[in-house]
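Student: Chain by chain, the residues run as shown.
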Amino acid sequence: MTRQTIIPFGPQHPVLPEPIQLKLVLEDKKVVGAIPSIGYIHRGLEKLAQQKDYIQSIFLIERICGICSFLHSMAYCQGIEEMMNVEVPPRANNLRIIWAEMHRIHSHLLWMGLLADSFGFESLFMEIWRCRETVLDIMEETAGGRVMLGVCTVGGVRRDIPPELIKKVLATCDELQAHFDHFIPSILNDYSVKQRTVGVGVLTKEVALERGVVGPVARASGVVMDHRVAKYGAYANFDVEPQIEQDGDCYARSKVRVRELYQSLDLVRQSVATLPEGEFNIPVKGNPDGEVISRVEQPRGEVLYYLRGNGSKFLDRMRVRTPTFANLPGLLAMIPGCELSDVPVIILSIDPCISCTER
Amino acid sequence: MPPAYCLMPIMFTFVRTLFRNLSRKPATRTYPFTQREPFANFRGHLTIDPAVCIYCGICAKRCPANALVVAKSPKSWTLDPYKCILCSYCVEACPKKCMTMRPEHQRKDA
Ligand code: SF4
Ligand code: SF4
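Chains A and B are the protein sequences, given in the same order.
First residue of the first sequence? That's 44 in our numbering, and the numbers climb one at a time after it.
First residue of the second sequence? That's 13 in our numbering, and the numbers climb one at a time after it.
No lab work stands behind these hints: they were computed from the structure.
If you're wondering where the values come from, they're calculated on a predicted model, not measured in any experiment.
Certain hints may be false.
Taking CB as the label site, the calculated pair distances span [unchecked claim]: (1) Gln55(A) x Gly56(B): 44 to 50 Å; (2) Thr25(B) x Ala316(A): 50 to 56 Å; (3) Pro86(B) x Ala316(A): 52 to 58 Å; (4) Glu104(B) x Lys210(A): 23 to 29 Å; (5) Asp180(A) x Arg114(B): 16 to 22 Å; (6) Gln55(A) x Phe45(B): 30 to 36 Å; (7) Thr90(B) x Ser235(A): 42 to 48 Å; (8) Thr247(A) x Pro44(B): 48 to 54 Å.
For lysine-lysine, the following DSSO-like pairs were computed, each having C-alpha atoms within a straight-line distance of at most 27 Å [what the hints assert, rightly or not]: (9) Lys87(B) x Lys109(B); (10) Lys73(B) x Lys356(A); (11) Lys37(B) x Lys210(A); (12) Lys109(B) x Lys328(A); (13) Lys95(A) x Lys356(A); (14) Lys274(A) x Lys248(A); (15) Lys356(A) x Lys109(B).
The beta carbon of each residue, even a glycine, is placed where N, CA and C say it ideally should be.
Working from the sequences, and respecting the hints, build out all of it.
Tutor: Following this line, the structure appears as structure tokens:
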């Protein structure tokens, strides 16, 4: 029997944007197992949210994740609105979709840049992140923050997008599309990218279902799962086709995300085109009471919020199941059998967001 | 390795990209010497007009980050800029509308 060696990967590692440790069990250069250990950045946000009133919590919850922040606040607000029977004005719903899909675009671009960086394609990384600036700029202009938008609130949104900025949003969509058309072929057709991603970290459909993975990881393994088809919020007016791939390797996961970039652009455009006139915010009276589960499709998959109110302005309990938490068991199934040098690429291919996972 | 004629299109892309990059301005700015105009809606830093404030303390009660401390006597309104998360919730809550969110970052010399 070959001698087994255990080497620690992380918590500090050049490819890891956030700390997670995997103890890799090696036989020569082959990885035969991985033991995860998380808990480096636990911040106790769920407990803290119970000590803030339900409106203050929105700003806290937005900070659960530094990438898909708006979608966290959206999931939370949807839950509270359901508990309080608040009907959100249609304009607010559409505005939420605009910001949510812009968040998806910026998140996928961030991930794509990191992936390029993980296999040493520095210039592609810079090209992609330059493109990401365009999205961040338009978010800053419309919402007032680059990533922490702080615009979602119970009963609607806190800001409107005026017509002149709507025009700018559309212009940005066109600009982004031109950027995508420029660099996406070099990602998907590039010889070196394919060498590093095709057939690497395969997750079969059976294992994906068994381990309960979500989001692009599940879709790349052929599992038709996208919570946007459940038509929450303004998604009720649009048809979202889940982007499916069958191969389940890193390349398939990249393809799914690339196609979602175009899909998100489309959704922003549709949402702008059907933007109803009217108010974007309604005043909310009373306090949440009852129990609710709210789900939203984030860039990394489906996030689940469990909220329990007691009729006071403080929540009894708030619990978050983030998509990366669901994808980690899937990651552990992808790693055995790969080479040591493939581990960074595989880890990045699930687009890990450890801060969300540990909250 | 693909045969040489297959590389021709790649070469063309490469040359085109090269010339485009040579003729293009850099994507970055030499911050802090060149600064972009701030967007009008940006939440940059919080200021108060003490002449209008009635020291009611509503802003301090609403602040999710406990960044504000307001006292009635002696009259004081204190912001801890390191705690403030620039959410603008206090600005909306103030009955006198005496706070403003400025679009530029607070600078040392400002
Ligand atoms: S809410 Fe307005 S008026 Fe009241 S203390 Fe704060 S700044 Fe002053
Ligand atoms: S902007 Fe937000 S965090 Fe800052 S003082 Fe006002 S309420 Fe507090």
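Student: Each hint should be assessed against the structure and marked as holding or not.
Tutor: To see whether the hints hold, each was checked on the structure:
Against the hinted window of 44 to 50 Å, the Cβ-Cβ separation of Gln55(A) and Gly56(B) comes to about 32 Å, which falls outside the hint. For Thr25(B) paired with Ala316(A), a C-beta distance near 34 Å fails the hint of 50 to 56 Å. Taking the beta carbon of each, Pro86(B) and Ala316(A) are about 56 Å apart, inside 52 to 58 Å as hinted. Taken as a hint, the range 23 to 29 Å holds for the pair Glu104(B) and Lys210(A), whose Cβ atoms sit roughly 27 Å apart.
In this structure the hint that Asp180(A) and Arg114(B) lie 16 to 22 Å apart at CB holds, the actual value being about 19 Å. Our hint of 30 to 36 Å for Gln55(A) and Phe45(B) holds, since their Cβ atoms are close to 33 Å apart. A hinted range of 42 to 48 Å is violated for the C-beta pair Thr90(B) and Ser235(A), which are about 56 Å apart. Checking the proposed 48 to 54 Å range against Thr247(A) and Pro44(B) shows it holds: the Cβ atoms sit about 52 Å from each other.
A hinted pair counts as satisfied when its Cα atoms are at most 27 Å apart, and Lys87(B) with Lys109(B) qualifies at roughly 18 Å. The hinted pair formed by Lys73(B) and Lys356(A) meets the criterion: a straight-line CA distance of about 13 Å does not exceed 27 Å. With a CA separation close to 25 Å, the supplied pair Lys37(B) and Lys210(A) stays within the 27 Å bound. With a C-alpha separation of about 22 Å, the suggested pairing of Lys109(B) with Lys328(A) holds against the 27 Å cut-off.
Only pairs whose Cα atoms come within 27 Å are accepted, and Lys95(A) paired with Lys356(A) is accepted, the gap being roughly 8 Å. Only pairs whose Cα atoms come within 27 Å are accepted, and Lys274(A) paired with Lys248(A) is accepted, the gap being roughly 25 Å. For the proposed pair Lys356(A) and Lys109(B), the alpha carbon gap of about 25 Å is at most 27 Å, so the pair holds.
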